[in-house]
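Colleague: Residue 860, in the working numbering, is where the sequence shown stops; the numbers in between run on with no holes.
Derived from the structure by calculation, the hints contain no laboratory data. Cβ atoms here follow ideal geometry from the backbone N, Cα and C, with glycine treated the same way. Heads up, a few of these hints could be off.
[What the hints assert, rightly or not] Cβ pair distances, simulated, as ranges: (1) Leu607 to Leu803: 17 to 23 Å; (2) Leu825 to Gly584: 22 to 28 Å; (3) Ile664 to Arg695: 39 to 45 Å; (4) Leu800 to Pro593: 17 to 23 Å; (5) Leu781 to Lys585: 18 to 24 Å; (6) Phe774 to Asp589: 19 to 25 Å; (7) Lys777 to Asn578: 35 to 41 Å.
[Claimed, not checked] The calculated PhoX-like cross-link candidates involving lysine-lysine, where the alpha carbons are at most 25 Å apart (straight line), are: (8) Lys683 to Lys776; (9) Lys575 to Lys699; (10) Lys683 to Lys847; (11) Lys581 to Lys683; (12) Lys847 to Lys778; (13) Lys776 to Lys847; (14) Lys585 to Lys575; (15) Lys778 to Lys581; (16) Lys699 to Lys683; (17) Lys575 to Lys847.
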Amino acid sequence: MSKTLNFIKDVGKGILDHDYPGLASEMAYNLILSLFPFAIFAVSIFGLFGTPNNINQIINLLNAVAPTETLHLIRDVLNEIFRSSSTGLLSIIALIGALWTSSRAILSIVKGMNRAYEVPETRSFIKLNGLALLTVIMFAIVLLISVNLTIFGTTILEFLSRFLPISNDVSTTVLLVRWPITLFSLFTITLIIYYFLPNVHFYKKKLLLSSVFGSLFFSIFWLFGSWLFSLYVENFARYNAVYGTLGAFIVLLIWLYYTSLIMLIGGEISSELYKVFSPKIVEVKNKP
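Using the sequences and the hints, build the whole thing.
Modeller: Spelled out as structure tokens, the structure:
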């Protein structure tokens, strides 16, 4: 019992000493910045491959979670993008911007985990940024699937049921399996992040083992936070009249900060377990 309490104290001390609340703010800020170029990229791709009928389908899907004024704005933007002839160049620029800003958030994780393991960063600029970009792509795919399954799962099923004969049994099964699938996906990508991002070169098996526990922590607590967020989304219409889009944006900010903070805390848990499992102090290679 005393060992468990000491471990919790060490984790709490590490969170404060390594300024994880501040780093989480930095991560959330970069993630917010990446949303705008990513949105431009998404609508630009829509302009290349979409059809006028797709506009109505998108609006119908968003109708359950977005206020009327926002829907009108989205419809106007999509129509303008669809008529534009410069979407190819715009999508490339937007994609570069989205990857760059979101990779800054990943570098915040690298900074935090190096602090946790008490190691300096010796990898080259190209190697470090390449690793960050690769992580962004993998994490974006997993996060996109996870968010759609956990937060918008009910809304998407309701939308699809208008066009496809989806039985109640199928709907129930999908809603039940979305959580295990999301948990496994999050666990896998987080395990990769905790294992490869810190600049640690010794006791790799111990690093992998400790990363498993940190990944479990992040996956479980992220699902819990996303479940709370999904409750808000499913009851969004009740708050539109009072708070409108501002309320949704504030909730998004809180969710991104929460995601960033528990990601860093999971890394701190991994580092403390690594110190317990490893017989010697963590070392790092002098060469990148």
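Colleague: State for each hint whether it applies.
Modeller: Outcome of the hint check:
The beta-carbon spacing between Leu607 and Leu803, approximately 22 Å, falls within the hinted interval of 17 to 23 Å. Range check, Leu825 to Gly584: Cβ separation about 25 Å, and the 22 to 28 Å hint holds. A beta carbon spacing of about 28 Å between Ile664 and Arg695 contradicts the range 39 to 45 Å that was offered as a hint. Hint check: Leu800 to Pro593, Cβ distance near 20 Å, so the stated range 17 to 23 Å holds.
Checked against the hint of 18 to 24 Å, the pair Leu781 and Lys585 passes, with Cβ atoms roughly 22 Å apart. Evaluation of the 19 to 25 Å hint for Phe774 and Asp589 yields a pass: the beta carbon distance comes to about 22 Å. Evaluation of the 35 to 41 Å hint for Lys777 and Asn578 yields a failure: the beta carbon distance comes to about 24 Å. Between the alpha carbons of Lys683 and Lys776 the distance comes to roughly 19 Å, so the proposed pair stays at or under 25 Å and holds.
With a CA separation close to 38 Å, the supplied pair Lys575 and Lys699 exceeds the 25 Å bound. With a CA separation close to 18 Å, the supplied pair Lys683 and Lys847 stays within the 25 Å bound. Distance hint between Lys581 and Lys683 is fulfilled; the C-alpha atoms sit about 22 Å from each other, no more than 25 Å. With a C-alpha separation of about 9 Å, the suggested pairing of Lys847 with Lys778 holds against the 25 Å cut-off.
Proposed proximity of Lys776 and Lys847 is supported: the alpha carbons are some 12 Å apart, at most 25 Å. For the suggested pair Lys585 and Lys575, the alpha carbons sit about 15 Å apart, so the restraint of at most 25 Å is met. For the hint linking Lys778 to Lys581, the alpha-carbon distance of about 21 Å falls within 25 Å, and the restraint holds. Note on Lys699 and Lys683: the hinted pairing holds, with a Cα-Cα distance of about 15 Å set against a maximum of 25 Å.
A distance of roughly 14 Å separates the Cα atoms of Lys575 and Lys847; the hinted pair therefore holds under the 25 Å criterion.
The structure is inconsistent with the numbered hints 3, 7 and 9, although it conforms to all the rest.
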